[in-house]
Amino acid sequence: MQIKNFFTINDWPIFQFLGTVLGVQCLLWLMLLLDANGTTIPLLRQIVGVVYLLFVPGLLLMRVLKMHRLGSVETLLFTIGLSLVTSMFLGFVMNTIFPVLDVLNPIAEMPLMISLTIFVLIASVLAYLQDRDYADPSTLDTDEIFSLPTVLLSLLPFISIFGTFLMNNEHINLLLVALLLVLALIPVIVGFKSFIPETHYPYAIFMVALALLLHTSLISMHVWGWDINQELYISNLVIQNSAWDFSIYSNINAMLSIVMLVPIFSIIAETSAVWVFKIIYPLIFSLVGLGIYAIAKKQSYNKIAFYASFFFISLFVYYTEMLQVSRQEIAEFFLVLIMLLIINKDLFKIKKYVLLIVFSFALATSHYGLSYMFMLMLFFALLILVISEVGSLGNLRHAIRKQFDWEKRGYAPNFAPRHAGERTVTIDYVMVFAIFALGWYLFISSSSALNSITDLFIQFSNNLVTGFMNSEATQGLSIVVTQATTPLHSIGKYIQFVSQFFIMFGIFSLLFRPQKMELGGEYVAVDREYFSFALVNLVLAVGGVVLPYFSSALNTTRLYQITLICLAPFFVFGVIEMFGVFDRFVRVSWYRFNSENAIKALGAFLCIFLLFNSGVIYTITQDSPTSIALTDSVDYPRFSPLEIAGANWLQQVGNRTIYADIPRATMLEGFSGTLARKMPDQPNLLRKSSYIFFGETNVRTTALTLVNAVTAESVSASALPYIANRGIIYDNGKTRVYT
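Counting from 1, position 120 in the sequence shown corresponds to residue 120 in my numbering; the numbering is continuous, with no gaps.
Hints listed in this document are in silico derivations from the structure and should not be mistaken for laboratory results. Accuracy of the hints is not assured; some may be wrong.
Label-pair restraints from in silico Cβ distances [claimed, not checked]:
(1) Glu109 <-> Ile145: 33 to 39 Å
(2) Ser461 <-> Leu22: 53 to 59 Å
(3) Glu109 <-> Pro42: 16 to 22 Å
Don't be surprised by glycine CBs; every beta carbon is placed ideally from N, CA and C.
Produce the entire structure from the sequences given, and follow the hints as far as they go.
The following block contains the structure:
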């Protein structure tokens, strides 16, 4: 049976479209009325609120812009992107204008609901006037929707949820270990069997990405990690005050992804900011893998796109470190949308640039670090493109232009790739983005984000010569040369090196040996602008290893993960190209180095890659386990209910400086802000009129995790000298507060 494709609802007839959208709007108002009367249906308000904020504004804007026939994946991505932009900038406008109109609590339930409703009604009228004559709905086959592969893939996130429940409450990791083993088998199944149809690849990537994210994000009933606790504190300030104070000096306070998006989701969906960070943001971030699939698919074909996106989401940074930097999750989503627009040559030019500018502004107000990186990408990618196009540059042009010329890359004169067309990255676009981003950082949060990049540039320039290739000043090089703790961890480290080798081989095979690649009769044609970005990102990744203080601003692992947005497809290209080299020079009777076997090898490699990155190998072998989702032995900013209770108590009574060791101080930042301080490495440096907070690990071991003031390394120290002559004013069995 065929049903209308709900992923491309913007292609439906106008009255069916508006009826569905306005129906969700009315349902949300009904939820508010029921809550006001004391009638609460569990989870319904939360589900309706999230669906409303993720889809309704974006769908209307898609219709106003006459965005049609994009397919399910791109429609979903652009719809959610436009919805997030609407919430971010509508909240900003409300926060700016409403106080002038004597509405002093703009970021509260009723002002938000009224403003969003007015926006929806105006957009509905515009959609009708602009696009009332369009109707070309696609359909979905119910047999495919309820097929065995679809059902099994749909179970993955639920298994992840149940697995974290067992780990949080019973400290049993068996279900999560089994889940990770199953996830690791998926690329093998794709490579060796046809059990998962190619039409299901996008859904498979989405489900795998969501399962990986949830298996770590749902550990603990509180947020865990480093920056996320500061993000929680800033967003809760907005929720508590019903307004955003943009004068607070903080880089995080300048990011609409934290000060607007989190409070709006929290208020409209009636859930705490903690669960916005732990569920809603990972849900959005899971779409980044889907975006990588769409980018690769436009330039290749299904299997290459699947493996490129699976490689991206398998890297441990994706489902560990990124969950601790929520503003970067949103920024990367916008970056993927920008890259998807850059390689899309089918969109009408005005529509493309409207979306490009909107998503670029959203990127700039989501994460300052990624925004600065994107400026570098734009500038140098534009430089490469201009050099390849300007004839007067002579030999320089001739030397590098070949990788941008279709005929010189081995394609027949009549071959026209889908994405061939005029350039999207122009000097005007680069200037508009740079001016907006720098202007925002200059005037918001007392120039905090601008001062940060200025300080980093001064530090970088002062140490460029002395710190070049110096592991003490270069975080990336330090990671490379540091000895792994065990032989098994060394294998995991070399697996990372192998994947990076194939990325470089994939890029250089296109750069120095231009030719078409073919598998199953389909062409691979990398967009010239995307290839320019890939070259720049390769240089940025290398720069993180050799340049002092360059990668440490973001962390080397996060820098590498960002570059994979452009580099992930080249990992797959590199493997296929390497098999092509072997096929030409290595002759064995028992094995053929063809493209089919290259795909199988990719599946096997990615299986091993995920097993090591997820830490399941180390957990099974009990070889220095690394995953906080699979073991309790790692002392990390991950907090028990009793630790959270102690932090809540201290927040209510404490008006003094609060000291704690590194993991616990990080948690306290989410409750007490700047009052929370990391314990100094010398007890005599403690302020006398201060509190000392001990968490569960401190109480059990009477030890503290501190930072050595000289070496800046984490060290373990006895807690006894710090609490001498101090009394206990709070003790719940797992948490203590001393004064």
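Consistency of the hints with the structure:
1. Glu109 <-> Ile145: 33 to 39 Å: holds, 36 Å
2. Ser461 <-> Leu22: 53 to 59 Å: holds, 56 Å
3. Glu109 <-> Pro42: 16 to 22 Å: At roughly 19 Å between Cβ atoms, Pro42 and Glu109 fall inside 16 to 22 Å, so the hint holds.
Hint compliance for this structure: every hint is met.
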